[in-house]
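Student: Take a look at the letters that make up each chain.
There are 2 protein chains.
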Amino acid sequence: MKEKISTARKQEIIEGFYRLSVIHGLENTSIAKIGKYLDMPPSLIMHYFPTKDILISNLIDFILEKYLLIYQPIIKELEVSKNADSTLIVETLFSRNWNLLFDDGVFYSCFALIFRNEKIKKEYRILHKKLRESLKEILDSNPDMEGRDTAVLAEQIFVVVEGAYYYLSMFDDEADYNLKVGYFKNQVYDLLRKTAVQQL
Amino acid sequence: MKEKISTARKQEIIEGFYRLSVIHGLENTSIAKIGKYLDMPPSLIMHYFPTKDILISNLIDFILEKYLLIYQPIIKELEVSKNADSTLIVETLFSRNWNLLFDDGVFYSCFALIFRNEKIKKEYRILHKKLRESLKEILDSNPDMEGRDTAVLAEQIFVVVEGAYYYLSMFDDEADYNLKVGYFKNQVYDLLRKTAVQQL
DNA sequence: CTATAAATTGAACAATTGTTCAATATTATA
DNA sequence: TATAATATTGAACAATTGTTCAATTTATAG
Numbered sequence: 001m002k003e004k005i006s007t008a009r010k011q012e013i014i015e016g017f018y019r020l021s022v023i024h025g026l027e028n029t030s031i032a033k034i035g036k037y038l039d040m041p042p043s044l045i046m047h048y049f050p051t052k053d054i055l056i057s058n059l060i061d062f063i064l065e066k067y068l069l070i071y072q073p074i075i076k077e078l079e080v081s082k083n084a085d086s087t088l089i090v091e092t093l094f095s096r097n098w099n100l101l102f103d104d105g106v107f108y109s110c111f112a113l114i115f116r117n118e119k120i121k122k123e124y125r126i127l128h129k130k131l132r133e134s135l136k137e138i139l140d141s142n143p144d145m146e147g148r149d150t151a152v153l154a155e156q157i158f159v160v161v162e163g164a165y166y167y168l169s170m171f172d173d174e175a176d177y178n179l180k181v182g183y184f185k186n187q188v189y190d191l192l193r194k195t196a197v198q199q200l
Numbered sequence: 001m002k003e004k005i006s007t008a009r010k011q012e013i014i015e016g017f018y019r020l021s022v023i024h025g026l027e028n029t030s031i032a033k034i035g036k037y038l039d040m041p042p043s044l045i046m047h048y049f050p051t052k053d054i055l056i057s058n059l060i061d062f063i064l065e066k067y068l069l070i071y072q073p074i075i076k077e078l079e080v081s082k083n084a085d086s087t088l089i090v091e092t093l094f095s096r097n098w099n100l101l102f103d104d105g106v107f108y109s110c111f112a113l114i115f116r117n118e119k120i121k122k123e124y125r126i127l128h129k130k131l132r133e134s135l136k137e138i139l140d141s142n143p144d145m146e147g148r149d150t151a152v153l154a155e156q157i158f159v160v161v162e163g164a165y166y167y168l169s170m171f172d173d174e175a176d177y178n179l180k181v182g183y184f185k186n187q188v189y190d191l192l193r194k195t196a197v198q199q200l
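Chains C and E, in that order, are what the protein sequence lines are.
Under the UniProt record's numbering, think of the first position of the first sequence as 1, with each following residue one higher.
Under the UniProt record's numbering, think of the first position of the second sequence as 1, with each following residue one higher.
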């Protein structure tokens, strides 16, 4: 029971931290502000997260967990039919649902920390490995992929997805956005279509 | 003459800001710290950059300028021979020289600001447009590219490059890095090789 | 040389930063 | 119910934040 209070409070604090970071930016969100927002003294936050670094580290865990939810539409489909087709894969990977799962500003602010924090870098590395492994499994479930090196294919697809997310975040205009996202979807379709011969 | 002192001082301050940001991170670099590092009072910094936002904005200009230097090896080659071949293009785009030009940690910290600052977003957008336009011109100089939509090709190549830079920054191990960068280079070679027929 | 404009200084500011600590309130266990 | 453990509070901390301002030094133009 006590365990639950502790866990719930930690969750509450992390979520508050996240929400304020969305509004004001990660670097402008202080412990005092989180306390005010959640109506609790800063000392209570420090009780559960002894230093701000630890708090940030937990925020990153929180964000990275959300990140993996991207596959849900595909997983759901795989439960019904036995394999996921190219269209579903491409549309899912490029769907803007991803942006709904977490805020890009907070995500990239956290990402920037990998360059000065080995632990955070490792966490990001593990997440990205998971993302690729999951895509490989999904690809392997498709008979069209027989004879293909799906591990490399997953790497190549994801690099387009991640480059696209980075680049497209600069465009607000919907027409611009849609035009460009079309190029990148086609690019991934081409990768999926590539024959085993061409691979050599 | 006075104009020169002012310009030099501004440059000095921006560079100091940049260097300290590389070491301690953008969010941990204060005006006082820059002052101490450059041996000048904070008030002098405020004299040239009335607010910190302006200072950050100038830092971003400074970084984005460096970014464009990526093309120098290709431009040099174009001065001698009449066109740049695929290998030079791919090797230049993926060369680690880019990392020597500016620090990725500072770059992504600045990038994260686009999500809450329209002006910064626009600057990034303009830079990325320039990068693609320059690549298009380089591609157009190559007779092999006749009949190809080099504008779209440039978009597709760059999305791989940018995704790769993002992803590869998580890997310190040289073997890992080289293996993966090989996948992405091949991916770009494939894009360059793609025939006009396949494009449809 | 003088007048003017720009460059530079140092002290001060209120606000906010992350963090500590002892005291109190609440809950679970024996 | 008493005891121990945990949850919560509020006040205080030194250090640092971005910024202001009046005074002084330095350089330039007339």
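Derived by calculation from the structure, the hints in this document are not laboratory data.
Wrong hints could be hidden among the right ones.
[Said to hold, decoys possible] Below, computed lysine to any residue pairings styled on SDA-like, alpha-carbon distance capped at 20 angstroms:
no., chain 1, residue 1, chain 2, residue 2
1, C, Lys194, E, Lys119
2, C, Lys119, E, Val22
3, C, Lys52, C, Glu118
4, E, Lys119, C, Phe171
5, C, Lys129, C, Leu69
6, E, Lys130, C, Asp172
7, E, Lys52, C, Gly25
8, C, Lys129, E, Leu168
9, E, Lys185, C, Glu118
10, C, Lys66, C, Arg96
Student: Does the alpha-carbon distance linking lysine 130 of chain E and aspartate 172 of chain C stay inside the 20 angstroms limit?
Tutor: Holds - the C-alpha atoms of aspartate 172 of chain C and lysine 130 of chain E are around 18 angstroms apart, at most 20 angstroms.
Student: Check the hint pairing lysine 194 of chain C with lysine 119 of chain E against an upper bound of 20 angstroms on the C-alpha distance.
Tutor: Not satisfied, since the Cα-Cα distance of roughly 41 angstroms exceeds 20 angstroms.
Student: Given the hint that lysine 52 of chain C pairs with glutamate 118 of chain C, test it: the Cα-Cα distance must not exceed 20 angstroms.
Tutor: holds (17 angstroms)
Student: For the pair supplied as a hint, lysine 119 of chain C and valine 22 of chain E, confirm whether the alpha-carbon distance does not exceed 20 angstroms.
Tutor: holds (18 angstroms)
Student: Compare the distance between the alpha carbons of lysine 66 of chain C and arginine 96 of chain C with 20 angstroms, and conclude whether the hinted pair is satisfied.
Tutor: Holds - the C-alpha atoms of arginine 96 of chain C and lysine 66 of chain C are around 14 angstroms apart, at most 20 angstroms.
Student: Verify the proposed pairing of lysine 129 of chain C with leucine 168 of chain E, using a straight-line Cα cut of 20 angstroms.
Tutor: Given pair lysine 129 of chain C, leucine 168 of chain E holds - Cα atoms ~12 angstroms apart, limit 20 angstroms.
Student: Is lysine 129 of chain C within 20 angstroms of leucine 69 of chain C, Cα to Cα?
Tutor: holds (15 angstroms)
Student: Could you grab the alpha-carbon distance between lysine 185 of chain E and glutamate 118 of chain C and see if it respects the 20 angstroms cut-off?
Tutor: Measuring from Cα to Cα gives roughly 27 angstroms; hence the hint is violated.
Student: Sort out whether glycine 25 of chain C lies within 20 angstroms of lysine 52 of chain E, counting only the CA atoms.
Tutor: Distance ~15 angstroms between lysine 52 of chain E and glycine 25 of chain C Cα, so the pair holds.
Student: Quickly compare the C-alpha distance for lysine 119 of chain E and phenylalanine 171 of chain C to 20 angstroms and report which way the hint goes.
Tutor: holds (13 angstroms)
The structure fails to meet hints 1, 9 from the earlier list, while all remaining hints are met.
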